[in-house]
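Q: Each chain, written out:
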Amino acid sequence: MSAAARLAAAAWLLCAAAPVLAEPEDWNGVWFTEQGARTQISGFLANDDAGRTTQLPLINLDAPWTEEARARFQERLSQAAISKSEGWGYPMMMMSLTPLEFVVTPEQVLILTTYRDVRRIATDGRALNAPEDRWVTAWGESVGHWEGDTLVIETVAVRQPNLFFRAPPFSEATRYTERLRKVGPDRIEGEMTIEDPESLTAPWTVRQVYVRAQGLDRLVMDTFSNDRTTLEDGVFGILPPQEPAD
Amino acid sequence: MLGAARRESEGARMRIPVAATILALAAAAPSASAHHSPVMFDQTKTITLSGTVRQFQWTNPHCYIQLVVDGTEWNLEMGAPVYLDNLGWRPSTLKAGDRVRVTAAPLRSGANGGLVLDVVSLDGKTIGRPS
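Protein chains in written order, with my numbering: chain A, 2 to 247; chain W, 1373 to 1503.
Be careful, since some hints might not be right.
[Unchecked claim] Here are the simulated distance ranges between beta carbons: (1) W:Asp1442 to A:Gln243: 20 to 28 Å; (2) A:Thr231 to W:Asp1442: 56 to 64 Å; (3) W:Gly1500 to A:Gln80: 29 to 37 Å; (4) A:Met222 to W:Arg1501: 48 to 56 Å; (5) A:Asn130 to W:Lys1497: 26 to 34 Å; (6) W:Thr1444 to A:Met222: 32 to 40 Å; (7) A:Arg180 to W:Arg1501: 44 to 52 Å; (8) W:Pro1463 to A:Arg160: 33 to 41 Å; (9) A:Glu69 to W:Asp1495: 40 to 48 Å.
[Claimed, not checked] Some residues of chain A that are not near chain W, with every Cβ distance over 10 Å (derived): (10) Glu108; (11) Arg180; (12) Gly185; (13) Leu201; (14) Val207; (15) Leu217.
Derived by calculation from the structure, the hints in this document are not laboratory data.
Since this is a predicted model, take the numbers as computed values, not measurements.
Ideal Cβ placement from N, Cα and C applies to all residues, glycine included.
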């Protein structure tokens, strides 16, 4: 075999053995959860009484909660009507109405929302930090790897209580394993298995489909500088706009 | 009639006492944006407001329409810009002086405000992306 042929064969073998990341740009862009793609100009789903209880799969009292965790979840949901949030946090951001932007590089994957959620998923082969060195945050610590067209993510160190006022009451000992598989140009099928030795009696697997946004090609971030929602004595209202000073 | 107040309650869709409805939504309505619950609006009713836009705010966490109806200004909340953007709205979609008909879910407090469900131009403009 000539040197050139050996070089070509070696290159082919290297390509064949490498993680399938041939088209990472195919993941880049803005995606909605299937339910989020139906969000109206109101910021909510259209009145859909039949579907309300199944729109956000993590909001589920029928998961294998311990009795204590289920009671805490019910208490949290009972307070939701008079609560405000500064964002989704993890894991809610992955199964909400708000769009997600994937930014994929060979070394890491970033997942962003317009509520300024940022997940950083290292795909450079590193391991999770040792438990004593983990920094507990609202989005946790994640590492991932590619298995063909599937991104596998391990996440730990997610702070509780989390940002969203209806977020399920997992503990900070929870381990989240996600498998996101791109099954078509505009569709990703995901599943998240949640193992929480403190609030769940068994692993809980939740599924979520993502579809590519039809009207957005990037997310624009901004602060909540025009929050006109008031909450006084348990009653919400809308403040009049602030007029510019003369 | 253009510019005239036309407030119509289209009536209750759910024959459940209001207090019971609030509790039910608090427990079972996960279709909220991240900012606040939709329970502040009475989604069992809709009102229709025909008036003139005084201001359109393209801001986080919500967009707002300030609509003048028969001399009274309404504070009308919308979703965050990202949801409107995805549906073909832009910061220039509404301008001061535009005449529109807004369908909204009213504030439970009874104040002049609500959650925008639909906007139709009375000037013949296209608003948002045709569905």
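Q: None of the hints should be skipped; say for each whether it holds.
A: Right, here's what the structure says about each hint:
no. : hint                              : verdict
1   : W:Asp1442 to A:Gln243: 20 to 28 Å : holds, 24 Å
2   : A:Thr231 to W:Asp1442: 56 to 64 Å : violated, 25 Å
3   : W:Gly1500 to A:Gln80: 29 to 37 Å  : holds, 34 Å
4   : A:Met222 to W:Arg1501: 48 to 56 Å : violated, 23 Å
5   : A:Asn130 to W:Lys1497: 26 to 34 Å : violated, 55 Å
6   : W:Thr1444 to A:Met222: 32 to 40 Å : holds, 35 Å
7   : A:Arg180 to W:Arg1501: 44 to 52 Å : violated, 33 Å
8   : W:Pro1463 to A:Arg160: 33 to 41 Å : holds, 35 Å
9   : A:Glu69 to W:Asp1495: 40 to 48 Å  : violated, 58 Å
10  : Glu108                            : holds, 27 Å
11  : Arg180                            : holds, 23 Å
12  : Gly185                            : holds, 20 Å
13  : Leu201                            : holds, 19 Å
14  : Val207                            : holds, 13 Å
15  : Leu217                            : violated, 5 Å
In summary, the structure is inconsistent with hints 2, 4, 5, 7, 9 and 15 from the numbered list given earlier, while agreeing with the others.
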